[in-house]
Each structure stands twice: as C-alpha cells, then as structure tokens.
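Novice: Chains as they are written, first to last, in the numbering used here: chain A, 1 to 621; chain B, 622 to 1242.
Hints were generated in silico from the structure; no laboratory data involved. Check before you lean on any hint, since a few could be wrong.
[As the list claims (entries may be wrong)] Dumping the calculated DSSO-like pairs for lysine-lysine here, alpha-carbon to alpha-carbon at most 30 Å:
{"#": "1", "chain 1": "A", "residue 1": "Lys423", "chain 2": "B", "residue 2": "Lys1178"}
{"#": "2", "chain 1": "B", "residue 1": "Lys837", "chain 2": "B", "residue 2": "Lys938"}
{"#": "3", "chain 1": "B", "residue 1": "Lys782", "chain 2": "B", "residue 2": "Lys824"}
{"#": "4", "chain 1": "B", "residue 1": "Lys1204", "chain 2": "A", "residue 2": "Lys557"}
{"#": "5", "chain 1": "B", "residue 1": "Lys782", "chain 2": "A", "residue 2": "Lys161"}
{"#": "6", "chain 1": "B", "residue 1": "Lys1178", "chain 2": "A", "residue 2": "Lys557"}
{"#": "7", "chain 1": "A", "residue 1": "Lys557", "chain 2": "B", "residue 2": "Lys1044"}
{"#": "8", "chain 1": "B", "residue 1": "Lys1204", "chain 2": "B", "residue 2": "Lys1044"}
{"#": "9", "chain 1": "B", "residue 1": "Lys1178", "chain 2": "A", "residue 2": "Lys583"}
{"#": "10", "chain 1": "A", "residue 1": "Lys571", "chain 2": "A", "residue 2": "Lys397"}
{"#": "11", "chain 1": "A", "residue 1": "Lys557", "chain 2": "A", "residue 2": "Lys397"}
[To be verified] Which stretches of chain A does chain B cover? Using the computed rule of at least three CB atoms under 8 Å from a CB of chain B, they are:
{"#": "12", "region": "544–551"}
{"#": "13", "region": "557–567"}
Quick reminder that beta carbons are idealized off the backbone N, C-alpha and C, glycines included.
Number of protein chains: 2
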Amino acid sequence: LPGMQSSGSKPCPCPSFKLREVASMYFTMIAVFLVILVVALQGSAPRRSDFPYKVPLDPQGMLELSWNVSYPEQVVHFQLLVRDLRFGLLFGMSDRGEFENADLAVLWSDGHSSYFGDAWSDAQGQLHMDSQQDYQLLGARRAPEGLYLLFRRAFSTCDPKDYLIEDGTVHLIYGILEKPVHSLQAINISALHRGLQRVQLLKPNITVPELPSNMKTMEITAPNVVIPSQETTYWCYMIELPDHFPKHHIIMYEPVITAGNEALVHHMEVFQCAAEFDSFPHYNGPCDSKMKPDRLNYCRHVLAAWAMGAQAFYYPKEAGLAFGGPGSSRYLRLEIHYHNPLVFKGRHDSSGIRLYYTATLRRYDAGIMELGLVYTPVMAIPPGEDAFILTGYCTDKCSRLALPAAGIRIFASQLHTHLAGRKVVTVLSRDGRERQVVNADGHYSPHFQEIRMLKELVAVFPGDELITTCTYNTEDRSRATVGGFGILEEMCVNYVHYYPQTQLELCKSAVDPGYLHRYFNLVNRFNDEEVCTCPQVSVPQQFFSVPWNSFNRDVLKSLYGFAPISMHCNKSSAVRFPGEWEKQPLPTITERLPEPVPRCPPAPGPRPAAPVPLDLGQLRR
Amino acid sequence: LPGMQSSGSKPCPCPSFKLREVASMYFTMIAVFLVILVVALQGSAPRRSDFPYKVPLDPQGMLELSWNVSYPEQVVHFQLLVRDLRFGLLFGMSDRGEFENADLAVLWSDGHSSYFGDAWSDAQGQLHMDSQQDYQLLGARRAPEGLYLLFRRAFSTCDPKDYLIEDGTVHLIYGILEKPVHSLQAINISALHRGLQRVQLLKPNITVPELPSNMKTMEITAPNVVIPSQETTYWCYMIELPDHFPKHHIIMYEPVITAGNEALVHHMEVFQCAAEFDSFPHYNGPCDSKMKPDRLNYCRHVLAAWAMGAQAFYYPKEAGLAFGGPGSSRYLRLEIHYHNPLVFKGRHDSSGIRLYYTATLRRYDAGIMELGLVYTPVMAIPPGEDAFILTGYCTDKCSRLALPAAGIRIFASQLHTHLAGRKVVTVLSRDGRERQVVNADGHYSPHFQEIRMLKELVAVFPGDELITTCTYNTEDRSRATVGGFGILEEMCVNYVHYYPQTQLELCKSAVDPGYLHRYFNLVNRFNDEEVCTCPQVSVPQQFFSVPWNSFNRDVLKSLYGFAPISMHCNKSSAVRFPGEWEKQPLPTITERLPEPVPRCPPAPGPRPAAPVPLDLGQLRR
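For reference, chain A alone in the conformation it holds in the complex:
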C-alpha cells in the first residue's frame, strides 16, 4: 500500500523470540482441559503478502493489525504489531465496539510471566476465560519495531460466547494493560487505555484484473492541509480537470496517505460536480464552514471512495468508470474525514486518492444506481426504538422498464444511512421469491461507509425486485426521526456499482403520502389527543406531535408494511421514467431466503480453557 508507514511492514532479519513450550493443566470453573503446545514462529519474518490487509487500531498507531482471510478454511489469520508492549493487551470483537459482551484475545503479564488466552466479557464488563479457546496463538516474535503476535480465529466457532465473523463491518476493540495483573479475572476493563476500530475483516477474494500498459495516474490530494486540532473535520478541496480532457475510464484507484497520518485519515471521497454548471468556485477548507460556497453541494456524484482498512479498488475487467469528455463536469471535490481524537496540533497532510485511468475504453461504462428510500419525511422512525426497520423498494415494474434484456451486473456496493443506522441489507427477489443477498451489513456503522466489492457479481434482470432494509436505533432520541438530508434526519440507501450503465439512476420508494395522512388522523382519534393533522402543518411537525406509545409505533409499522408506495424510478434525480408511479402495490414475498447456518469448525480438537504461558522476558514497569 503506498504511503503506509514503513516500519511495521518491512521484513527485517531480527532474532526470533523463543516460546517456552510448556504443557500444564489448569482448572477453570467451566471445565478442565489439557493445555496444548504453542507453535513457535520460525526465525524468518512473515512476508508482507501473507497479510495483505493492514489497519492501525489506535489513533497513535501503537497497535497495528494485519490480517488475511482463508475462505477454504473459514479462518482469519491475524498479525498484531505491538510497538511498545507494557503489561499486555486485549484485542477482540463485539457487536458495535462495546467492551461488554465482547469476545477477546488477551495477553497479560504479572510482571514475571506472560500468558495468552481466549476470553469473553459479560454484560458488566467482567472478563472470563472462555471454555473453548478459539483465538489460537500461532507465535510471538520480537523485532526492533515491537512485538508481533500471530494468531488465528475461525469465522464461526459455535461457542455462544464467541463473536460470529460475518461479511460487512466488524468492530475491533483493543485495550492496553499498563500495570501487571495477577490473573485474567483481575483485569479492570473500564480502567484501561482502550478504543475501537471498524474494519471489513472478510475482504472478498478477488483476482486483480490485468491493467493496460497505457494506464495513466492522477493524484487528487489535499494541498498540504494543516489538520485542525479537533476530533472531527470534514475537509473539502476543489480540483479542476484540464480543458478538453477527453473521456477516459477509471479502472482502479488507491489511497495516498501522508506518512505518519495513517491513524488520522479516516475516509476520503472524490465527487464529480454537476454538468449543468459551467464553473465551480475554488475552495480549500472545512466542509461545514460558512465560507464554503453553496454550489459545492452540487458535487455529489461519487467517483472514488476509500475508508480506513480498505485497499486499492479495481473495476472488473469488462468495465471502467467514465471520466472526462463532453457532458461531464471538469470539477471534482475531494472530501477527507480527519479523525483526531487526541487533538494533535500542527499535523500537515497531503493525503488523497490516486486514480488510474486509460483512454483505451473498456467494453462497458460502469454506472452507479441508488436503491432504498426516497429522501422524504414520510418515512420516519419513532423515538426510543432499539431496532426499527424501514424498507425501500426497487419494483419489478421499474426494473422491467429500465434494465436491458441481458440485465446488469452489480459488482460493488456502498451502504448509506445517517447516525441512527445499525444494519443495512439489500436482497434480490424474482417472481416473489428472495434469491440472493446483494450486500448485507449486520454491524453497519454510519462512521464506516466504504465502497465494497461484492464477493460475486449479482445479475439483475428486467422484472427483478431489489429490496433494501435498514434497521435504526433511536433509543437516545426523544422525538421522531424523519427521512431527509439533515444529519439528524435519516436515509436508507445502497449505492450499487454496476455495468453496463443504464439511464436508471434512482430506484427508490416511500410510503404513499395519502395513507400517511390517514395514519395521522387515526392516531389523533385513537389517542384523544390534539395532533394537528391540518394540511398546512408539515409532515415532520405531524410526526413530532404524535404521542408515541407501543400502539402508535406498531400501527406505523403496520402502515409501512401495508400501504401502497410512491416509486422514484428516475433517469436522474428529477426525471422519472414514463409511467404511473404513485400508489403502487408493495412487492409481495412468498419465499424468504433461509437463515445461514453457521459452519462450525470441523472436529473440534483439544482447545484448552486455560491460558498459554509465554516467555516474553521482563516487561517494562
């Protein structure tokens, strides 16, 4: 990866650290197991290609995680670099990055001896040794840059205390032990220096397409920006393509990260501006500044997107993203999200994205289509809900009209909600039967919106339905959350990347507004309350005045599951395909996809429920 800090990834011929191979027995409250031997790493350092994915865990980059994925074995191999080991560390996974109900690998030292074990934390954050040891230590090695720990973990262990590694976002957590501890149980999680990092662990296993010899590159990078000393900054920078820049195909792009800023650059996107405007003002500053020209809001067409932990993005060999030429704007907007929780001052940054493009156009232009819900307040989430579901439809009627007979192939997907989003999934349905998951993230975070390559192309034909379902959490809100563009409003969108490009840009839905009006009338009459349902009051105002209780909540759910929809089957955000799109029937599903049955590790061998002792020498006090 270009621009990555080199100290962690360069192989260096340092003396390997020996592990004492000890077998002993321990008693736990759960069971007694035999301790098996630790397999020591051989003297050679692991090759960089062994661990193609890398991410810093903490904002200072003290912990650096590399990993690889074996789909045949259904196993992830982790290599954790600890730059400055004190008295141990915790590494693990949990539903949304919390330290309660987490699944953890723990390395701890009592000042003399060090141990490694698979543990879990209960709802109070108390650590327990796991009865089944599924983080399997493969080795440990000292190097000048720090200690390397190597371990593996099956996707699914069938141990109810363990995290199930699935497609989509995984919330990794870490904690650093700064004092010796006498036992695992003695670790006080709340007193640790700790944090979380989101990654897509199960990267798709995609072969890199051959790249043409006439490929050119263009770096869209920030002009030596001083990163503001605040936790969150969205930086905006306008770039202009040369005059008469002809049509090219972007066939690949990759991040360019200023050395030392790997832990600060959270994600970056390059947008193309709207072709309607002849020119856009130059700008270089925070995206939320009052000084930012309003016209920059018309630069929303995604050309490239990168997020921490992501690698280079390759288009499939048949397709490229059109870029330049008549009918497209010469103006691009680079947006960088700096995440600076330790409030470093005076850090300079010139990160960005390097586009690889070619004038030798590929067979197909790639396109991007929006699936999900229309940005409208008629789709709303009551307050105080832990998992409220909204669904947006791309109907058979729209796909029949807009897709070519040979269909389209979806190869990548970017899921999008605002702050209340917790899960997003799009399912393909044909003849009323669910056929295939297009993309799913059961641990979705609005703070981690990557463009993700799909594991396999999804073919969509005329008459197919694409159903996008978002799950929201509004437990911390006291009034309804309506759909819309605002950060406290919500969206439910899947931007699917596909080829060949069609005219269909939007295939989204929302509940019929007339039926929603009946809902407000109903709530008003049922609850004997003064809910103003007069037409001059806005839909958000009406939602805000609903007296929320389980009945009004359940009836809203029933309405969304029953009322006809208004379809946006659009060529561009303002131009609909011809046809009747109001009061359309909801798609009916007669057959659901079966729940996936987790594959358990074959023939569970002896996995000790006891810590594995490690000889790491005397640790720093």
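Dock chain B against the given chain A, drawing on the hints supplied.
Specialist: Below, chain B without anything else, positioned relative to chain A:
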C-alpha cells in the same frame, strides 16, 4: 390398567424370534455409514412394568403402542405390537399428524427380506432414508398375538429432519404396508392404510402417593350404551349421589373401559352440577340431542377427566378433591366421547371412570382455577391466519388480593380451546420477569384435552402474574372467529388444579371494550368502507364486517398488545372480588424465559444411514 384388552399385555412364553446379526455397508445419497449390529431381544418377554403406558394406534387396535420414558437418558423406549403383520409398517411423529414433513421408523419387506430404518418424509410426502439413524431398533419378537418391535428414540437428536419430542401432545402417525416394496423410496404414502393417534409421550415421572386403607370406590359408568354408528358421539349420562352423602376427598381415579372398546372410547369426563339447583333431570343420550334437558348445561364443574393414553390420576398426598357434603350438588354428569371412524354398528359400552375416595380428609382441599381469556367476543381472531396469538392475564393485583400469603401449589393443568387452537402455554411472571412455564403444549389439539400432572409443583404467591397465551389457526375460515361458548367461537383457558383451595375461581382478562370500539372506528375511517360501528350492532357483527387485510389484522394485534384490560377476578363466575377491575394496565414483562436449548445425544456413535435387515421369514401375500 383395568378394562384393557388382555391379549397384548399378558406375558406369554412364546419362542423368541431370532435376528440375523449382519454387518454390511450401504451407500446412500447422503453419506456412507457402517451398519451396526442389531441387538436381539433375549428369550424372555418384556415385563409389563417395562412399558407402563399403552395406547392403540388404529381404531381396530391392530397396532398397539406401549412405551416408557427415561428422563436421565432423555430417551423414549417404544414397544409396538403388530397383530397381523403384512409387508411392513410406518410409525412416526409429525407436527400435527400429517404425513408430510414427518419423522418415521419404517419396517418394510420386499416379500423375501425385511428391513428397518429411520426415515423422513418431505413436503410432498416422499420418503427418504435419514442420514442419522435415530430410531434405534433394539429387537423384534414373534408371539401368538403378533410381532413385537422394540426401539428407542432420544427426545432430541439435533438432526434437523427429526421431530423434537417435547412436553405436551405428540401426534403419532402409522401406516400399514399391504404389498411388498422393493425399497423405502418406493413406498407411496398416500396409498397406505394410515392414521394418527395423539398421546402425551413425556409422562411426568411421579411416584404414586400412599393410599389409605379406608379407601372406597365408585364407578361412574355408562349403562350398557349402544355406541352410535357414526364417527363422533358425545354421550351424556346423569348420575345421582346417595342422599346425605357426606364430604369426602377424591384421591385418585382411573378409566374403566369395556373390553374391546379401547380404540373407540376417546375421552371421558365427570362433571358436578351446580349446587343452586335442587334437582336435575335424569338423562341418558347424545349430548347434542334436542331431547337433552337444558339444565344439564349447569353441570360443568370438572371432577375427573380421562383421555386415551392417560393412566390413573393421583392427587398429591397433601390434597384431595372435595366431593359430597352440604353446599355441593348430588348430581353428576358423565360425558363420553366415542370416536368411531369405521362406523362399527351395535357395539355395547359400559365405560366410565372409577373414583377412589376417602372420608379421612387430607390436609388440603384441592381447587380448580380458570386462567386465560374471558368468554367474550371482544377477543377475536381474523380469518386466514396461520398463527394468531391471543393472551389472557391473571394480574398481580388479583393474585395479591385472592391468594394466601403462603401461596398455592399448582399440580395439574388442563388446557382448553375450541377448534382453532394450536398451541397453549401459561407462564408465571414475578416482578415483571418470567420465571417458570406452568404448562405448555406446542402441538395442542382441541381433540385431546387431558388433565395433565405437572412434572413439578408450581408455587404461586400473592403478586405473581399468570399469563396464558393461545395460538390459533383460521386459515380455513372466511370470517373472524370471536370469543364465546360456541364450537366455532373460541376460548383460551388453562384449568389449573391446585391446593389449598381458595375463593378465586376465575382469574381471566379481556381487552377493554371501549378501546375495541376505537379500533372499529379506526378501521372504518382508514379503509373508507362502510363498517357499522353503531352501538346497536353487536361486537361479533362488527368483527364480521371488518374488511380483513394485513393492516387491519396488524392493528388488531397492536391493540391487544397495548389496550388496558378488563379483569375477571372472581369468586365464582358471577361474583367478583371487591376492587376496580376495568381499564387495568397490561402486565409488563421486562425479562423473558430463554428458549430451551435442545440437548443433543452425547457423543453420537456410529448410526447407520442404511436399513437394518431383519429376518422375519416369509410374510403373508
């Protein structure tokens, strides 16, 4: 068991049938397993006490099932007597007695050799060999009365094709092969002579209390009735206790079945009449006859109940059911359900129930309390539903008022619904947390309403809540099913038998009628339909005029889950305890009972996926 046909149960010293012990290998589409050896029964016939439970499977009694239950092993041992073996038989279990998606043990013959195997039927009724053989054949033996097959089956096998044996009703199915078949797959299920029988397989393991020496018996039996030659008859017969019959305790009762009628007598109940009336007319005839005096409808207090497959019913040693004495009616009604699907003519019957009672009163009078829903049309089920749920509450307020500080002990339970009932469960909740299942039947059938002893006493204290949930299927109905006494109306009741007796006879609920009225208004306005919600139209009429769709259905569900309730906290069906019982809040549940995790058989040994050959000699063509 008194009155049971003797041929099947008498041990007889007949020559035991030898099994050829053969090990061979078979290939199936699923897997290859080693065939293990069949364990031959030793020469001695099994003792009757080995299989304490017995039931005929078919109306002619050709197949007779005996079984026992081992709770430590979590296994049921079956002994199946086949009186006239042709070319094999099917025996198995399915959700509600259907032959599709069933779990089957199959004995079949090609005319020369015979085989036994564990099979399953798919949704089309096609048979397949099971990849895991969980019906384990233990032996086969010929006797003058027929062939005995002995096999065992774990409650839970963790094979997704297998039926999970749970508490409550199990629908057993059987089929008789009248022609040789070349393979399991060649069996055409729809062409078989076949049927179903309902039993409680998992009988509670209760030690019989010691019985007093001064115990007397009284037989309440039909007076040599000619069983009508029609499939279903409910026969009513009035009996009178002697004048001045003093108070006794019934401490046990058992069925008395006329020999030969074991397969025809489906269930029997003895009811005591209401004490308000000095006399009741004599009657001996069908319960639905126009000649039956109306006053017999006041004989509804259950004294004893028996259903096919049930044994003697013993009261706990501390308690007995009060019977006789001042304040109780001298009149009893015996009701016998004859099930005569083969329309036998001229069969005479004098079956009934033998009561065992004593004048030496036990410490506590036993009582019966009704839990669940009030018999009122406000609780209704929309048409076309496969699993609609209604819930009745016995609230903390009522139990606090009516129960003694030391609480009561529930020892038995009889679940009751009309024809649409599919599941019934009562859960005890304390301080908003579900604590214990009182009684549950996930395969409930309205045609099999036994009084069931609980596996353990359930202690209920003042302030506890008892929540009874019924699941209904109305897929075959075109209009709403309302609550009420009619056979096409519904009930949701758990008659719990407990001690010490209290004044509380009814602890049931129904939705507040005012809220239901709002529902009808809401449906009317939302659907733009003419639903007459005028007060002069009855609640059933209003339900019948609802235009049913998923919205109106879901809103009714939401209403039942939200609206306050009207409580019937009654001393007798007409007399409420003092207090405010209208518009009571619904009990809230903050913690549910966890779903039980089925225990899989320990260390699955080699179980062949291939039929076990049996040498049964030449079978009759």
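Novice: All the hints need checking, so say for each whether the structure fits it.
Specialist: For each hint, the structure was consulted:
no. : hint                    : verdict
1   : Lys423(A) / Lys1178(B)  : holds, 26 Å
2   : Lys837(B) / Lys938(B)   : holds, 16 Å
3   : Lys782(B) / Lys824(B)   : holds, 24 Å
4   : Lys1204(B) / Lys557(A)  : holds, 25 Å
5   : Lys782(B) / Lys161(A)   : holds, 27 Å
6   : Lys1178(B) / Lys557(A)  : holds, 12 Å
7   : Lys557(A) / Lys1044(B)  : holds, 26 Å
8   : Lys1204(B) / Lys1044(B) : holds, 28 Å
9   : Lys1178(B) / Lys583(A)  : holds, 25 Å
10  : Lys571(A) / Lys397(A)   : holds, 15 Å
11  : Lys557(A) / Lys397(A)   : holds, 24 Å
12  : 544–551                 : holds (count 3)
13  : 557–567                 : holds (count 6)
The structure shown violates none of the earlier numbered hints.
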